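J.: For the sequence shown, position 3 (counting from the first letter as 1) is numbered 153 according to the numbering used here, and the numbering increases by one without interruption.
Fair warning: there could be bad hints in the mix.
[Stated by the list, open to error] Straight-line distance between alpha carbons at most 25 angstroms, and here's what the computed PhoX-like set of lysine-lysine pairs gives:
| hint | residue 1 | residue 2 |
| --- | --- | --- |
| 1 | K184 | K214 |
| 2 | K224 | K214 |
| 3 | K214 | K193 |
| 4 | K174 | K214 |
| 5 | K193 | K224 |
| 6 | K184 | K217 |
| 7 | K178 | K215 |
| 8 | K214 | K178 |
| 9 | K217 | K174 |
| 10 | K215 | K193 |
| 11 | K224 | K174 |
| 12 | K193 | K178 |
| 13 | K193 | K174 |
| 14 | K174 | K215 |
| 15 | K217 | K178 |
| 16 | K217 | K193 |
| 17 | K178 | K224 |
| 18 | K174 | K184 |
No lab work stands behind these hints: they were computed from the structure. All values derive from a computational prediction rather than experimental measurement.
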Amino acid sequence: MPYFVYMLQCEDGSFYTGYTRNVKRRVKMHTIGKGARYTRMHKPTSLVHVERFTSRAEAMRREKKVKRMSHARKVVLMDQKT
Numbered sequence: 151m152p153y154f155v156y157m158l159q160c161e162d163g164s165f166y167t168g169y170t171r172n173v174k175r176r177v178k179m180h181t182i183g184k185g186a187r188y189t190r191m192h193k194p195t196s197l198v199h200v201e202r203f204t205s206r207a208e209a210m211r212r213e214k215k216v217k218r219m220s221h222a223r224k225v226v227l228m229d230q231k232t
């Protein structure tokens, strides 16, 4: 079963990045306030980017890279089709 790295855009324009096996379920959890602490304080508005990986380790490495990106680079990533 694949893993996914996803990026949410929040009401204040910030981004939240995470990894999961089920993107739809995880986004729903963030939306209802049962996701991460960050998304409880910065309400997510939309899913803006998803990448698929074959292993948890790959997804975790990519999540870490994306989290280290500048806001401007995340905007570019959001605009790319994957």
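J.: Hint by hint, say whether it matches the structure.
T.: Results of checking the hints against the structure:
At most 25 angstroms may separate the alpha-carbon atoms for a hinted pair to count; K184 and K214 meet this at roughly 22 angstroms. For the given pair, K224 sits about 13 angstroms from K214 by alpha-carbon distance, which is consistent with the 25 angstroms threshold. Restraint check: the Cα-Cα separation between K214 and K193 comes to about 21 angstroms, which is no more than 25 angstroms; the hinted pair holds. Between K174 and K214 the alpha-carbon distance is near 21 angstroms, which keeps this suggested pair within the 25 angstroms criterion.
A threshold of 25 angstroms between alpha carbons decides the hint, and for K193 with K224 the separation of about 18 angstroms falls inside it, so the pair holds. Our distance criterion of 25 angstroms between C-alpha atoms is met by K184 and K217, whose separation comes to about 20 angstroms. Taking the CA atoms of K178 and K215, the gap is near 24 angstroms; set against the 25 angstroms cutoff, the hint holds. Taken as a hint, the K214 and K178 pair is honoured in the structure, with Cα atoms around 22 angstroms apart against an allowance of 25 angstroms.
For the hint pairing K217 with K174, the CA-to-CA distance comes to about 20 angstroms; that is within 25 angstroms, so the pair holds. Among the hinted pairs, K215 with K193 is consistent with the structure: their alpha-carbon atoms are about 23 angstroms apart, no more than 25 angstroms. With a C-alpha separation of about 21 angstroms, the suggested pair K224 and K174 falls inside the 25 angstroms cut-off, and the hint holds. For the hint linking K193 to K178, the alpha-carbon distance of about 12 angstroms falls within 25 angstroms, and the restraint holds.
With a CA separation close to 16 angstroms, the supplied pair K193 and K174 stays within the 25 angstroms bound. The hinted pair formed by K174 and K215 meets the criterion: a straight-line CA distance of about 22 angstroms does not exceed 25 angstroms. With a C-alpha separation of about 21 angstroms, the suggested pair K217 and K178 falls inside the 25 angstroms cut-off, and the hint holds. Using a Cα cut-off of 25 angstroms, the hinted pair K217 and K193 holds, with the two alpha carbons roughly 18 angstroms apart.
Between K178 and K224 the alpha-carbon distance is near 22 angstroms, which keeps this suggested pair within the 25 angstroms criterion. At most 25 angstroms may separate the alpha-carbon atoms for a hinted pair to count; K174 and K184 meet this at roughly 14 angstroms.
Of the numbered hints given earlier, the model fails none.
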